[in-house]
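Here the structure of chain A is known, so what remains is to put chain B in place on it, guided by the hints.
Residue numbers (numbering that gives the first Met the number 0), protein chains in the order written: chain A, 0 to 283; chain B, 0 to 548.
These aren't lab readings, by the way, just hints derived from the structure by calculation.
From a predicted model like this one, the values you see are computed outputs, not experimental measurements.
Treat the hints with care, since some could be wrong.
Claimed, not checked - Below 27 Å or equal to it, Euclidean Cα-Cα: the simulated DSS-like pairs (lysine-lysine) are:
id, chain 1, residue 1, chain 2, residue 2
1, B, 309, B, 379
2, B, 379, B, 347
3, A, 185, B, 379
4, A, 276, B, 309
5, B, 468, B, 339
6, B, 198, A, 185
7, A, 185, B, 468
8, B, 398, B, 379
9, B, 70, B, 203
10, B, 82, B, 174
11, A, 276, B, 203
12, B, 468, B, 309
13, B, 203, A, 185
Unchecked claim - Computed from the model, here is a short list of chain A residues facing chain B with C-beta under 10 Å:
id, residue
14, 125
15, 177
16, 179
17, 181
18, 201
Don't be surprised by glycine CBs; every beta carbon is placed ideally from N, CA and C.
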Amino acid sequence: MKTHSSTGTLAARSGYRINPVGVASFSVVLFWALVALVAPYITPHSVGEMIDADYFGPMRPGLWLGSDYLGRDMLSRLILGARYTVGISLAAVFIACFTGVVLGMASAVLRGPVDMVLSRLLDALNSIPSKLFGLMVVAAVGSSIPVLILTLALIYVPGAYRFSRALAVNIETMDFIMVARIRGEKLPYLIASEILPNIIGPVLADLGLRFVFIVLLLSGLSFLGLGVQPPYADWGALVRENIGGLPFAAPAVIMPSLAIATLTISVNLLIDNLPQKIRDRSAS
Amino acid sequence: MTNLVEIRGLTVEATTDSGRWIQILKGIDLDIAAGETVAFIGESGSGKTTAAMTLLGHARPGCRISGGTVKVDGHDMATLPEKERAALRGTTVAYVPQSAAAAFNPASTIMEQVIEVTRIHRLMPPDEARRRAVALFRALSLPDPDGIGDRYPHQVSGGQLQRLAAAMALIGDPKVVIFDEPTTALDVTTQVEVLRAFKAVTAKRRIACVYVSHDLAVVAQIADRIMVLRNGAVQETGSVHDILTRPTHPYTRELLNAFHPDTGGRPTLPIANSTAPLLEINMLSAGYGPPQSNGQPLVLAVKGVSLQVKPGTNLGIIGESGCGKSTLARAIAGILPACKGDIQFNGKELWHSARQRSRDQLRDLQIVFQHADTALNPAKSIEDILGRPLTFYHGLRGKARDARVDALLDMVRLPRALRHRRPAELSGGQKQRVNFARALAAEPKLILCDEITSALDTIVAAAIIDLLKELQRELGLSYVFISHDLSVIEAICDEIIVMYRGQTVETIVPADRQQPQHPYSQLLFSSVPKLDPTWLDTLNIDADRMRVA
Chain A
0 MKTHSSTGTL
10 AARSGYRINP
20 VGVASFSVVL
30 FWALVALVAP
40 YITPHSVGEM
50 IDADYFGPMR
60 PGLWLGSDYL
70 GRDMLSRLIL
80 GARYTVGISL
90 AAVFIACFTG
100 VVLGMASAVL
110 RGPVDMVLSR
120 LLDALNSIPS
130 KLFGLMVVAA
140 VGSSIPVLIL
150 TLALIYVPGA
160 YRFSRALAVN
170 IETMDFIMVA
180 RIRGEKLPYL
190 IASEILPNII
200 GPVLADLGLR
210 FVFIVLLLSG
220 LSFLGLGVQP
230 PYADWGALVR
240 ENIGGLPFAA
250 PAVIMPSLAI
260 ATLTISVNLL
270 IDNLPQKIRD
280 RSAS
Chain B
0 MTNLVEIRGL
10 TVEATTDSGR
20 WIQILKGIDL
30 DIAAGETVAF
40 IGESGSGKTT
50 AAMTLLGHAR
60 PGCRISGGTV
70 KVDGHDMATL
80 PEKERAALRG
90 TTVAYVPQSA
100 AAAFNPASTI
110 MEQVIEVTRI
120 HRLMPPDEAR
130 RRAVALFRAL
140 SLPDPDGIGD
150 RYPHQVSGGQ
160 LQRLAAAMAL
170 IGDPKVVIFD
180 EPTTALDVTT
190 QVEVLRAFKA
200 VTAKRRIACV
210 YVSHDLAVVA
220 QIADRIMVLR
230 NGAVQETGSV
240 HDILTRPTHP
250 YTRELLNAFH
260 PDTGGRPTLP
270 IANSTAPLLE
280 INMLSAGYGP
290 PQSNGQPLVL
300 AVKGVSLQVK
310 PGTNLGIIGE
320 SGCGKSTLAR
330 AIAGILPACK
340 GDIQFNGKEL
350 WHSARQRSRD
360 QLRDLQIVFQ
370 HADTALNPAK
380 SIEDILGRPL
390 TFYHGLRGKA
400 RDARVDALLD
410 MVRLPRALRH
420 RRPAELSGGQ
430 KQRVNFARAL
440 AAEPKLILCD
450 EITSALDTIV
460 AAAIIDLLKE
470 LQRELGLSYV
480 FISHDLSVIE
490 AICDEIIVMY
500 RGQTVETIVP
510 ADRQQPQHPY
520 SQLLFSSVPK
530 LDPTWLDTLN
540 IDADRMRVA
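The following block holds chain B by itself, in its conformation from the complex:
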């Protein structure tokens, strides 16, 4: 047998709460040779994670593998008894989860958890396992490989934790490793480091990898072949080069197109300098913790930021996680009252705390949060979620309210039938549209968008951006767009502010084709993955050196 993994006619079914079985994977065939990396790519709900999980012989609760074979190293994971599958997990097949932060037990040290696999399968004595773990930490270019194992999960950064999760998967010397969107939760500068580490380690050990992702550019760096999934069926399989240059399936083309967001299509308004700004912020500081003797909070996350938004224009705020961009948005919205500086909105000074602002001020300035999952009340129907601001701000009730809810759903391109559903019954993109429609319901002048596309896959994110542009044309809104994704920000913003450690380091006007000057901006801009498969290998940046600069 030449192939390490052979999947033939794989089908997976899921049950609904009325007891019906629905096929969610519809016959998948795939071969993976040793040392080869295959990427599963597709939008959320396409079945890519479900397909990857079958390699572990696992189907999520409520699902079952209903047909076909999944041969991994000669064992059919689909029919093997659970006990024998468990024996193969960790030694033959291993799994790296999407969120390493959620996968580690916060109450025990990293080393204990990394070598747990060797203890469960009785592979080697603990001392040897520790030595191997340290060697793996070194191979994954983790800082302080000898000491990092003694720390607890909260004492290392997100990117480091993700690499430690990979170490946990690799310690049992598996032949196949499944990476389930391991860099989706990381920001671009960290993503580069993590991808490099993964690529180096798996290539050296000739491990077959399955890399689940929705980011075509990331996949282009790491994979040999790409399998494009949609609605549980394979759309196209081919080498990275073929898929990127000669996509045959329409969906694949759509995926590639989404990667080049349309920067045009929005008339660049001739902004007269005389126009009074809609939002003006002067030397705003905000932070967390109890106030100190100098009147400032213990940790200052935003340090003296000033900015202006003119009516009908968009401002982008970009920076890595922890740079204070979300704190800035929260301070503007009044969720976290700023400790210094002033906020002028629509010609009037705003109170720092949302509690003291008038209802009209609250209505004019809406904020849309990153995670639509937590921003929508899971116990309420879409109708109630959208209807409440209508009743609250505009006093609409009964038929008038129903009509307006329908209009809002039309506006964000959602079918009207969704109004009776609950948030959990919608896809990620649909939820984000509802989240956005709720802000529109207030009929605001300015919407703060806090990373609203970062939890979405490329196609859906591009669709949301298009929607935002269109609504801006129709309703004359302004957006403050916060993101770590440069391509998104470039597509929609008239002006971009780069934030680093709580301060603005540079203001860039994309229309002027201006190149970033500040070294941090350069690092940020060059870290955005390109579709070119050789990008990662040729990328010549040293994040740590740049950060010091």
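Isolated chain A (complex conformation):
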């Protein structure tokens, strides 16, 4: 009841309706982002240091999340892993969606040969298995974080392109686009001002989903040794390297899984519950 009234007054003041689910998921995302930012200063131990004589140790004071398969401190590894998972995935998802959505809208507006060439090119890219593509890139130029970000982004461009093109084609047939065209408007205005505001909702939902895919692919690449290099590890890699602890119910495997779950679910909930502007002005 209390939450309801507090968000109610907040809504009245800002002119936006703020959903409690949105607030909660935003807090979780913000929490992980902060952890990623200050990670090196708050890790209790060094990531590579083996401090527990036992492997897959249980939670206990000093080793708050137990120890991993080599007896390293799980809490420290998780905190530093946030940097890779949040940082690389977010960067990659923004690049992928930005490129894909801009190209998608452009080909919906330009139609004809541009649409044809872009669509076929990106379809071809889509047909390469993503892990194989990652393997090829890493074999060619070596593994580093910028390479990883660009590779992940490139893999998810075709999906974002297809999605936004499908949406933009529907908008493009509306009369207001025709009005803008015969006003003499050029491509950048058409896509940024006329089309984008009308497809932003689904595009953001797609961004949330693609973020989850990238987190999963990143851990897949790490599994193959193509991702983040040891002793550092992203969350996906933490799950994979400690999978042997599953029969012992080791926190080393449960905690990174929980971390991935909280982050990805929160990102999606946040996008579905963004603050909405209240348009009934007579209420305030």
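Just chain B now, kept in the frame of chain A:
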């Protein structure tokens, strides 16, 4: 109980996005006897459809029936549980939607959908249902009643689909049928056929009808009584004759006045023949589809049309749907590049495609589309919509732009406070005004108006026409006015071109009181509903015969 429908003190509420409840129907009382037709008439947003929907026990999402009773054949639709309401829908009360094209599933045959009601309510075996459907098709004077059921919705015309939607509603033998603006989307020649079919079938079966419409002339043909609604309240209820001859409420009088648009009020300029035309079109052809070996598109919608518009005068283009009038407008605007002929504007030859025209040429020739709903970007505020042409053509920014947006809103008689709203928060008439103001923002010489009043109700349409005339006086504009509504065109145009199958068949100058000569023009002119309630019954035209002629 003598009355089939008894509505007492009905109120309906709607919720806003901040959670407030607003009353949108404010206490309605109404009785309908068996076999009687009552028309709900009013402007858009008056609550006429909401009132009709309560007979189905239905309130649209975000709305609720908050008080009163709606007794239909002894059942109170307002309080009945949803399951029992569903059992009555289709068998006791049925509904014919405004747009039959949107109400049919394009993926299954018409017959399947018409007899679906009997399957859901298990009324009769499918074979019997099919026989009944064919009998209904015949009663509704549909062509090929035995075979039409096997077609898909896209294989029949709009007027036929509307009658098929009526067949769908009538198959369950309902006692009450709700017609929700069933002819609004049709052109006049088709409307006559559909109205006749409805009238014949409902009279024969003694079905009580609720006919929702904003067109007083159509209602006069079909209804026994009229209920006039405004802002969710009943203004006046009475027999058709009383309402038409002795309207007591001011709003009803306004409605009647709007039906006789003011043809005067615009000084007929003495047009010297020597004046150079603003727009001159010579043997223009345009069409759709890939070019054929002879250089013409696959389907030619406009075939060699020539016309002239002098500065400060208006040209009307009239014709039924599919006659090529909108294609002509699109070809002039350069949206659909013409394949042949030439367009002279302001003394200069125009490129066929808008892409090759200069910015000033684009600015001088503006087009206003029929559907303000799709012509205004729903994601942008009115301010941005009107401001963009100002920035784009005139380089206005900041305060100068704000001042000009205010001036434009004043010009089209909209309150300045609307500038922060989005199109979805405006009424149909307000949206059309914004749509028009955007064209004015460019400060053009000629505005192409493509059916801009056909989606609006009579009063609003008349107000828009008055506005157009006034702006013409002030700004010295010219209009090319495309419509299927003769009264609108007569009210504003100096010259009327009748189009039929892509060609102009006749040019009429209304000022000369000239009577149409061509048989198609005669059909078109005589199909416009008159306020006289006996008009439909005495109308002696055979559309099909005329079309062949």
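Residue 181(A) as an interface hint toward chain B, with CB separation required under 10 Å
Holds, about 5 Å.
Straight-line alpha-carbon gap residue 185(A) to residue 379(B), limit 27 Å
holds (18 Å)
Check the hint pairing residue 276(A) with residue 309(B) against an upper bound of 27 Å on the C-alpha distance.
Measuring from Cα to Cα gives roughly 48 Å; hence the hint is violated.
Check the hint pairing residue 276(A) with residue 203(B) against an upper bound of 27 Å on the C-alpha distance.
Not OK: residue 276(A) and residue 203(B) at ~53 Å, beyond 27 Å, violated.
Checking one constraint from the list: CA of residue 198(B) to CA of residue 185(A), max 27 Å. Satisfied?
Outside the cut-off at roughly 53 Å; violated.
Taking 10 Å as the limit, does the beta-carbon of residue 179(A) come near enough to a beta-carbon in chain B?
Holds, about 8 Å.
What's the verdict on residue 309(B) and residue 379(B), does the C-alpha distance respect the 27 Å limit or exceed it?
violated (36 Å)
Does residue 347(B) lie within 27 Å of residue 379(B) when you go C-alpha to C-alpha?
violated (35 Å)
Keeping to a limit of 27 Å between CA atoms, is the pair of residue 468(B) and residue 339(B) held or broken?
violated (33 Å)
What's the verdict on residue 70(B) and residue 203(B), does the C-alpha distance respect the 27 Å limit or exceed it?
Holds, because 24 Å separates the two Cα atoms, which is no more than 27 Å.
Cut-off 10 Å, beta-carbon criterion: hint that residue 177(A) touches chain B:
holds (6 Å)
27 Å limit on alpha-carbon distance, applied to hinted pair residue 185(A) and residue 468(B):
Given that 27 Å is the threshold and the Cα spacing comes to 33 Å, the pair is violated.
In summary, the numbered hints that this structure violates are 1, 2, 4, 5, 6, 7, 11, 13, 14, 18.
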